[in-house]
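*Asks:* Mind docking chains B and C on chain A? Use the hints.
Keeping their order, the protein sequence lines are chains A, B and C. The opening position of the first sequence corresponds to residue 136 in this note's numbering, with each subsequent residue numbered one higher. The opening position of the second sequence corresponds to residue 11 in this note's numbering, with each subsequent residue numbered one higher. The opening position of the third sequence corresponds to residue 17 in this note's numbering, with each subsequent residue numbered one higher.
There's no promise every hint is true.
List of simulated lysine to aspartate or glutamate pairs, EDC-like, C-alpha gap at most 16 angstroms [claimed, not checked]: (1) Lys-211(C) with Glu-200(C); (2) Lys-144(C) with Glu-333(A); (3) Lys-211(C) with Glu-236(C); (4) Lys-325(C) with Asp-353(C); (5) Lys-247(A) with Glu-38(B); (6) Lys-325(C) with Glu-277(C).
In case anyone wonders, no lab produced these hints; they're calculated from the structure. Please read all numbers here as calculations on a predicted model, not as lab measurements.
Here is how the chains run, residue by residue.
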Amino acid sequence: MSSLATAQPATTVRKKRRFSFGWAVLNLNVLLTFIFLYAPIIVMSIFSFNASRQMQVWMGFTLDWYARMIADERVRVAAQNSLVIALVSTLVATVIGTLTALALERTRFRVKRMYEAAMYLPIIVPEIVMAIALLVFFNLAFSWLDQFFGLRLNFGLGTITIAHIAFSFPFVAVVVRARLADFDRTLEQAAQDLGANEWQTFRHITLPLLMPGIIAGALLAFTLSIDDFVITFFTAGVGSTTLPLEIYGRVRRGITPDVNALSTVMLLASIVLVLGSLVFQRRRSF
Amino acid sequence: MSTVDRVRVQERSLGWHERANERIRQSERLRALLLAGPGGLWLLLFFLLPTAIVFAYSFAHRGPYGAVAWAFTLENYARLFDWLYIRVFLVSVWLALLTTLICLVIGYPFAFVIARSPRRWRNALLVLVLIPFWTNFLVRTYAIMLLLRADGLINNALQWLGLIDRPLSMLFTPFAVVLGLVYGYLPFMILPIYASIEKFDFTLVEAAQDLGANAWHVFWRILLPLTLPGVLAGSILVFIPSVGAFVTPDLLGGGKVVMIANLINQQFLTVRHWPFGSAISFVLMAIVLAATMLYFRIGETRRI
Amino acid sequence: MTPTFLATETACASGMGGTEPLERPIDVELLDVTKVFENGVVAVDRVSLQIYRGEFFSLLGPSGCGKTTTLRMIAGFEHPSAGEVLIEGRRMGHTPPFRRNVNTVFQNYALFPHMTVFDNVAFGLRMKGIPRDEIARRVREALHLVRLSGMEERYPRQLSGGQQQRVALARALVNRPRVLLLDEPLGALDLKLRKEMQLELKHLQMTVGITFIYVTHDQEEALTMSDRIAVMNAGRVLQVGTPMEIYERPASRFVADFIGESNFLRGTVQAASPAAATVLLADRFPIEVPADRQLTVGQEVTVAVRPEKIRLVPVEAPEANGLLHGRIEEVIYIGTDTFYVVRVSDDTALRVRSQNDRNRLDGGLLLPIGTPVSLTWATDAARILTE
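Here chain A stands alone, though its shape is the one from the complex (with noise of 0.2 angstroms):
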């Protein structure tokens, strides 16, 4: 009998136990994550701030190696070519993206499906098929363009630019279109019912609720542009620089700390876009 009494309270304890052990589990496993999330950049972060050359120890803090990386005529440069491809190609990424949203969500045609998987195929297929692809092609459309019409062009910051359209168009296309999908219809009834013919009911109304979703494509369009690597890689040619190249070229020749500075730097601006972007994308139309 009183065996039958501790039986029961036993099991149930038990069972706490082994629950909350689970939820420990868990919780680590999130913290640990975390911590080998941010690790890395923190570490280096931190670093880019040592007054030693050496990555073991601590000398104390300067802001020396961010003073050289600032006189460094080729950083310079490299973020100078960065941020002009960067805008250039946001610009025209963004409209195209959105129209190409408003095609998408707004109207029918016959090929639409075939339209929109290939669409999708820049955002899946992996960047080095692309970067490739491209290399080949304006290869051959160069040497082509010589021959047959002695128009001499060379590899440089325009392929780069037409390169990073391409892969971040699709992009924006895509939160431009969930912002269309979401987007309220009887409004744009409303203006009709109003008075306002289509182009009108476009510009007032259409556009100023979709912009928030536009600046966020936008922002992820800049950010692509100024992080990408392989694609740039293969587009550059030679004397054509921007700063994931030129980060990647200094780390092939061994790491210094300057490197540290210039990556820190790079991963600042990233958040703040990305923080950015979050923010316009939460924004509901009021």
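*Replies:* Structure of chains B and C alone, referenced to chain A:
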């Protein structure tokens, strides 16, 4: 209105309606062209056409200076059957699968905890996961390099703790590459799974427990099957970039771990055998396509 | 002001699509309008209507009966598959909404969230290119009309449901359309607010004098507000008439059932004359019922009589010389009235509505279940229905 009038109204309006509908359809087609045109054109010219050229190249000879001599041949593809190259494909697929598995094992519980945490925290946690994800991939790979180096933080810490005498060579190994890939693509696994779990109706768990299921049963028979779409999406999102990875094996593998993308890079920039490089590129595309089709096939048969 | 129901009674004396020349112009006319959607569903089936200037006209019917689709075709958001929509006598065809002199108040109000109340109301005027100061004047007028003066700078999200609805009204009315279309505008409001708004809308319409075409599934709402009602079901118009005509003389079983409550009794004609027939109800009770044409003896008909028209007294009472008798089966007290369910035969029971004009607790008590009772009604309170 008399019957005759009524019939006349009907007839006249029917023909007129058909003509008006046709006009509407035409203007719709024009609009579709204007909207879909720019994107379609850009994609055609700067993605589809280049890919087609690569495909054509893969059947060509290597000309002088490594470019292309036009003559149909299958030698490039035949060459791929050499063990040297088959090995690269196998290693790539294997490392990608390993990466996917590890991401799954780490990522699923992670997503689960986030999805079950109080609503106020969820968004913050998700943002915390997204931040490293969106920072420069190159920079993050470099950061891992820093940690794994012989004089890097990890080795120093282990030596200082007295656990090892000599530094471990972690860099330039398959371990480093997998670590780098997991580091890079873990958020790709977490987010879709999170989305799946978030939509999951947890009263099903209570019902199952009421019927006597323990934690393992609940997970294996209820939670996992119903969150499988997220698992599959995450897996494909990790596998594809992993199998085609370039930067990670390049920096963390240092030439000792050669994956498909490194091979392609070699052929195009070092060895300068463009046709062969094109063939490899195409095989990579085929692998990616096969994986995608597998994903859709599994997704369809499991349609609940 | 002439009671509107009188004016329209005479106007509609000739029924649907009358050939009598009328004094009042027709603002909206539908001629055999049909709408078939791509999936084959026939949403609107050969609907013909004439809506006069200054009317408050309602389209009433259950969900899916085609009333909203009909409204949208008048507005221009859908185009008829066959038939014509005429506004002020002009064929609309495929004219887009922004070229029709018609404005709509949407069910979800559709206020532009990124614009202030002022900008919302001013929108239509701006599209027309009206000068700034006139816009300001008219917007203020419109807001005053719907009793929202002072809210110009607010955003829709800062307003309550009722206020948003009034902004939607103002936004439509400020354009001085010939016809105002309202698509179940009161659906999202709670009961009390809805009843207030019903009266407000009615007064507004009478003040402004614009033709209102109002879509609703709430029959009480339609009866309260309308000059005339078109009852629709499954894409067709079943009856058009004033609220009183629809209620007192429903043309079909559906209308009799959808509007208010009816008892439906099956019976056989025993004797017939041009204006009446004697029908044997429940196999036992021969009752004289008015008819709109001569029926044949032996014909099976349905007789409809509304619960409130039936008088019920206990069989012992002196005035108990009713048309039928039976036993009380159920007693349902709902405060204002008491419903008695009286079984008169194995397969027939009638609901009788008895007004609680006395204090039930202290004065008159409810009749208990099982009481034998006698039922009677005025001869013209019953109708023979065609299906």
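*Asks:* So if I understand the rule, the pair passes when the alpha-carbon distance is 16 angstroms or less; does Lys-247(A) with Glu-38(B) pass?
*Replies:* With a Cα-Cα distance of about 13 angstroms, the restraint between Lys-247(A) and Glu-38(B) holds, given a limit of 16 angstroms.
*Asks:* What's the verdict on Lys-325(C) and Glu-277(C), does the C-alpha distance respect the 16 angstroms limit or exceed it?
*Replies:* Since the Cα atoms of Lys-325(C) and Glu-277(C) sit roughly 11 angstroms apart, the hinted pair holds (cutoff 16 angstroms).
*Asks:* Are the Cα positions of Lys-211(C) and Glu-200(C) separated by 16 angstroms at most?
*Replies:* Roughly 13 angstroms between the alpha carbons, so the hint for Lys-211(C) and Glu-200(C) holds.
*Asks:* Taking only the CA atoms, is the gap from Lys-211(C) to Glu-236(C) under or equal to 16 angstroms?
*Replies:* The hint holds at about 10 angstroms.
*Asks:* Is Lys-144(C) close enough to Glu-333(A), meaning Cα to Cα at most 16 angstroms?
*Replies:* holds, 14 angstroms
*Asks:* Starting from Lys-325(C), check that the Cα of Asp-353(C) is at most 16 angstroms away, please.
*Replies:* holds, 13 angstroms
Checked against the numbered hints given earlier, this structure breaks none of them.
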